[in-house]
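Peer 1: The lines below spell out each chain.
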Amino acid sequence: MVGIVSYGAYVPRYRIEANEIARVWGKDESIGKGLGVFTKSVPGPDEDVATISVEAARNAMKKCSVNPSEIGAVYVGSESHPYAVKPTATIVAEAIGAGPHLTAADYEFACKAGTAAIQTCMGLVDSNMIKYGLAIGSDTSQGAPGDALEYSAAAGGAAFLIGKENVIAEINKTYSFTTDTPDFWRREGEKYPSHGGRFTGEPAYFKHIMNCAKGLLERIGTKPSDYKYAVFHQPNGKFPVKVGKMLGFTNDQIKTGLLTPRIGNTYSGSTPLGLAAILDVASPNDRIFAVSYGSGAGSDGFDITVTEKIMEINGNPTVESFIADSKIIDYATYVRYRKKLHLGGE
Amino acid sequence: MRDVAVIGVGITKFGELWDKSLRDLTVEAGLKAIQDAGISSDDIDALYGGNMSSGLFVNQEHIAAMIAEATGLTEKHIPATRVEDACASGGVALRHGYMSVASGIHDIVVVGGVEKMTDVSPSLATDALATAGDQEWEAFFGMTFPGLYAMIARRHMHEYGTTKEQLAKVAVKNHHNGSMNPNAHFQNEISIEEALSATMIAEPLGLFDCSPISDGAATLILCPLERAKEFTDKPVKIVASAQASDTIALHSRNDICRMDATIAAANLAYKQANLRPKDIDLAEVHDCFTITEIVAIEDLGFVKKGDGGKAAEEGLTQIDGKMPVNPSGGLKAKGHPVGATGVAQAVEVVTQLRGEAGKRQVKDAEIGMTHNVGGSGATCAVHIFEVV
Chain A
1 MVGIVSYGAY VPRYRIEANE IARVWGKDES IGKGLGVFTK SVPGPDEDVA TISVEAARNA
61 MKKCSVNPSE IGAVYVGSES HPYAVKPTAT IVAEAIGAGP HLTAADYEFA CKAGTAAIQT
121 CMGLVDSNMI KYGLAIGSDT SQGAPGDALE YSAAAGGAAF LIGKENVIAE INKTYSFTTD
181 TPDFWRREGE KYPSHGGRFT GEPAYFKHIM NCAKGLLERI GTKPSDYKYA VFHQPNGKFP
241 VKVGKMLGFT NDQIKTGLLT PRIGNTYSGS TPLGLAAILD VASPNDRIFA VSYGSGAGSD
301 GFDITVTEKI MEINGNPTVE SFIADSKIID YATYVRYRKK LHLGGE
Chain B
1 MRDVAVIGVG ITKFGELWDK SLRDLTVEAG LKAIQDAGIS SDDIDALYGG NMSSGLFVNQ
61 EHIAAMIAEA TGLTEKHIPA TRVEDACASG GVALRHGYMS VASGIHDIVV VGGVEKMTDV
121 SPSLATDALA TAGDQEWEAF FGMTFPGLYA MIARRHMHEY GTTKEQLAKV AVKNHHNGSM
181 NPNAHFQNEI SIEEALSATM IAEPLGLFDC SPISDGAATL ILCPLERAKE FTDKPVKIVA
241 SAQASDTIAL HSRNDICRMD ATIAAANLAY KQANLRPKDI DLAEVHDCFT ITEIVAIEDL
301 GFVKKGDGGK AAEEGLTQID GKMPVNPSGG LKAKGHPVGA TGVAQAVEVV TQLRGEAGKR
361 QVKDAEIGMT HNVGGSGATC AVHIFEVV
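First to last, the protein sequences are chains A and B.
The first sequence: position 173 = 173 (the numbering used here), numbered continuously.
The second sequence: position 295 = 295 (the numbering used here), numbered continuously.
Quick caveat, the hints were computed from the structure, so don't treat them as lab data.
Careful, some of the hints might be misleading.
One-sided excerpt, in silico: chain B residues whose CB lies under 8 Å from chain A [what the hints assert, rightly or not]:
{"id": "1", "residue": "E16"}
{"id": "2", "residue": "S121"}
{"id": "3", "residue": "T126"}
{"id": "4", "residue": "F140"}
{"id": "5", "residue": "A202"}
All C-beta atoms, glycine included, are put in the ideal place defined by N, C-alpha and C.
Full structure from sequences and hints, please.
Peer 2: In structure tokens form, the structure reads like this:
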């Protein structure tokens, strides 16, 4: 059965505290608590979606013994590709020694482009068009200074090598729920995204995740208690806990994959990183339920069963090791690293 | 002057109704009321629509004719008039409908109220609402409505020892009532602790001291009392319809712990109905903030000036209390689509007087009052209704 052969993660080491952002904008310190985001990751001045994707891809290749030349497809999902025209996926492919006999493309579907890439690879592998496909979700997401998004918009990514042989986790079923819902967008040439405020909640995030999750459970005939772990897209620390509760999942099932309180919302990296954190600690036969969400809007759901092979792969570096390796920076440094300030003449 | 009766009521659910437009809401409430009254659209002689700011909220003015068209009233070319007095638009629209029937000009009149507020961001909605204050002397200096009512609350605390706990008690009571109202925006109970520990909006008003931004519409059908039995077995008579005004800016008032427009309109209404405050069985008052309910029950004469907080604390205003206030959940829990509010209050009172309010029914309710305020008290409409 098609599944995950290997996976790798990367989270930049810089962190800014929600309190520090609140201090600069004269906001109440309770804003971080309100969002459930206490620190968020910040990419260094030389980091972007290409470097984050390469790091995650390299970590995935390090864990297994697959020859990169056997990879037939590379897809990178992000809403912060460094180039508007010029793929990130080709950079990743060459950096890990894959290609040139492969297909590659960049994906964009707000925060679920990474899981869409996984689905594409599943299709190509399952139809025997390729042996292995590499799907990456990674972002250096943008939040306008002073906007509510600034407290959560973070950076990070995870890569999944999809194949049929030696899978460490079988993907039993995937199901998606998609509508045209304008809750969050960024038009060509705009530096920061716009969003519909409270409209991003109930009619967007909750509607799509609930429908996707229920649709998936129905189609495979499972119930929340059949799963050891669950991960939902995490735009903040509150929504995934609430949606989990609404579906009947417990905090114990959710907590392993819930990273947003410590690293913020990594957008296309969000659900993939949560899933990677779960795989880091999962044991054979553990069942995992994962549902992403991308504004615009849609959700991809996955029913996953961990296999014995997970015991054979190299576990390092773990998602938690990236979270632990952190350095707090102040708002001024953050502004410089995020290129919100420019030197004269630049 | 002829006596006037309410023969039909209709209301939508209140809340963040993302998939319903201003037009949808109006049609839904309007058709429910027409159905409730058992009339056909051919019977309708005139329409009055209360709406505060469709221009700023959905970029549409001239909505009375639009509503007439949407509800199928175009062929008869009836007069359709929009009424605007900020958050009192609904109550004032009711008064215009009442006057047109009482005067003998029209027989069957539709009074609607609607506001579609969630198509804009909360900051734009706050700006739109601030236009109910004095743009030159209040809004220009950064004043918002939570800020104005926070000053009223602070002064009330200073003068009369009103406490934050007493304010919270109003919110807890109205959420409890809202939990029994299937059309309410919020149908969840809250605790005193939750109310007191909520995010601060404008000291001393926390999140639960403020009514929400809601979408919703409500409709009433009026006719001369002498014809009411043609349409319904349970007509409700409007025994008073009063309106008063005051300075638009809060700082121009002599005493910000009272609303002189409320006092003037209430006095007039009691006189018209030949009733006293203690005759009122229930009241829907304008609790845009918890402090507003406290000030209102004082100004309406239900309790002595300064005792409003204590009344909330002691449960006087609960559904089973001596003077039930806001059994619908009030603006706090039922929701506050500003232009619809005054009409929605009347829908609740009529429902109560008919004995059809279900779990939130006030026992033996025969006389009910609505109190609808515009801005920080520059407009007030008071109506009294009685079982026939």
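Peer 1: Let me know if the C-beta of E16(B) comes in closer than 8 Å to any C-beta of chain A, holds or violated.
Peer 2: Cβ of E16(B) sits 7 Å from chain A, so the hint holds.
Peer 1: Any CB of chain A closer than 8 Å to the CB of F140(B)?
Peer 2: Since chain A brings no Cβ nearer than about 21 Å to F140(B), farther than 8 Å, the hint is violated.
Peer 1: Close enough to count: is the Cβ of T126(B) nearer than 8 Å to one in chain A?
Peer 2: 12 Å, violated
Peer 1: Hold the hint about S121(B) up to the distance rule: shortest CB distance to chain A must be less than 8 Å.
Peer 2: Result: holds, 5 Å to nearest chain A Cβ.
Peer 1: Given A202(B) was flagged as interface, is its beta-carbon under 8 Å from a beta-carbon of chain A?
Peer 2: 12 Å, violated
In terms of the numbered hints stated before, the structure departs from hints 3, 4, 5, listed from lowest to highest.
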